[in-house]
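If you read the protein sequences in the order shown, they are chains F and E.
Just so we're aligned, residue 1 is where the first sequence starts under our numbering, counting upward by one.
Just so we're aligned, residue 1 is where the second sequence starts under our numbering, counting upward by one.
Calculated from the structure, these hints are not laboratory results.
Be aware that a few hints might be false.
If chains are identical, the list can't say which one is meant, so a pair holds when it fits in one copy or spans any two.
Below are the DSBU-like pairs computed for lysine-lysine, each with C-alpha atoms no more than 30 Å apart in a straight line [to be verified]:
1. K116 - K96
2. K116 - K13
3. K116 - K90
4. K13 - K26
2 protein chains.
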Amino acid sequence: MPGKKEQDICEVKSFNKIKVKAARGKMLSDDEAHRLAETFSVLSDPTRIRILHALTGEELCVCDIASVLGHSVSAVSHQLRILRNMRLVKYRKESKMVYYSLDDHHITSLFNEGLKHIRE
Amino acid sequence: MPGKKEQDICEVKSFNKIKVKAARGKMLSDDEAHRLAETFSVLSDPTRIRILHALTGEELCVCDIASVLGHSVSAVSHQLRILRNMRLVKYRKESKMVYYSLDDHHITSLFNEGLKHIRE
DNA sequence: TTTTCATTTGAATACTTGTTCAAGTATAAT
DNA sequence: ATTATACTTGAACAAGTATTCAAATGAAAA
Numbered sequence: 001m002p003g004k005k006e007q008d009i010c011e012v013k014s015f016n017k018i019k020v021k022a023a024r025g026k027m028l029s030d031d032e033a034h035r036l037a038e039t040f041s042v043l044s045d046p047t048r049i050r051i052l053h054a055l056t057g058e059e060l061c062v063c064d065i066a067s068v069l070g071h072s073v074s075a076v077s078h079q080l081r082i083l084r085n086m087r088l089v090k091y092r093k094e095s096k097m098v099y100y101s102l103d104d105h106h107i108t109s110l111f112n113e114g115l116k117h118i119r120e
Numbered sequence: 001m002p003g004k005k006e007q008d009i010c011e012v013k014s015f016n017k018i019k020v021k022a023a024r025g026k027m028l029s030d031d032e033a034h035r036l037a038e039t040f041s042v043l044s045d046p047t048r049i050r051i052l053h054a055l056t057g058e059e060l061c062v063c064d065i066a067s068v069l070g071h072s073v074s075a076v077s078h079q080l081r082i083l084r085n086m087r088l089v090k091y092r093k094e095s096k097m098v099y100y101s102l103d104d105h106h107i108t109s110l111f112n113e114g115l116k117h118i119r120e
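Work out the full structure, taking the sequences as your base and the hints as a guide.
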């Protein structure tokens, strides 16, 4: 590598090396940036938003959630799986039915912060 | 429509009509659900997250942001447009250069809430 | 004016994502 | 056992999105 220093992680020139160096120093790690983005992306779909909102207050079975939203049971179930994987909802089986309810209070506070934002 | 009542907005049977009716009553409007999802989706990309984070503290020109992130100027500019359209960043032109800085304090509080969440 | 430079933009491409449809579980009723 | 019900899952499709490349803009320098 002729004339290449190891700090040259990209071809882009920088204009203010001091500011760039400072910003690089306190930079979010790739891992943190991805985890943060993933956290927000769970809340970035209208269907999931409406499911979570429907579950504030009381648990509902899949069929009722679908009924409230006006979506197919399958579509709702797919989204519930995402919410389950991210631990935003928990479920409880009772005979043939599955009742879902909110799990992560920390995310619901994010949810409410977001609501305040669009309503202000 | 034989035997169809106008409340039947979907084909799904509901098991607990009272709960469904209650949930429908306090349901988020379609518009609100979409706006909320849109708000979160701005924060649902690692590149945008890192841009916003790089801008906490001081303004940077496009070239420096690209340098900090290790992305192409074009990719950064495309993302800045999204952040601009959603009023999350503002910019100031100085001769040929464009300096970006954070705009919406309300979203940055969402951002920090999210950070707390992944770091706890 | 011509050239250079910082940034923006449009088109193309690869990737991701949400919904539907059909098939598959699992539990309860007949 | 057979049928019905509540839900889950995989594949396929459509729609959306992030990055790259090349071209365009607009301002300053030569």
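Inset, instruction - Could you tell me which of the hints above the structure violates, numbers in ascending order? - result: 1 and 2
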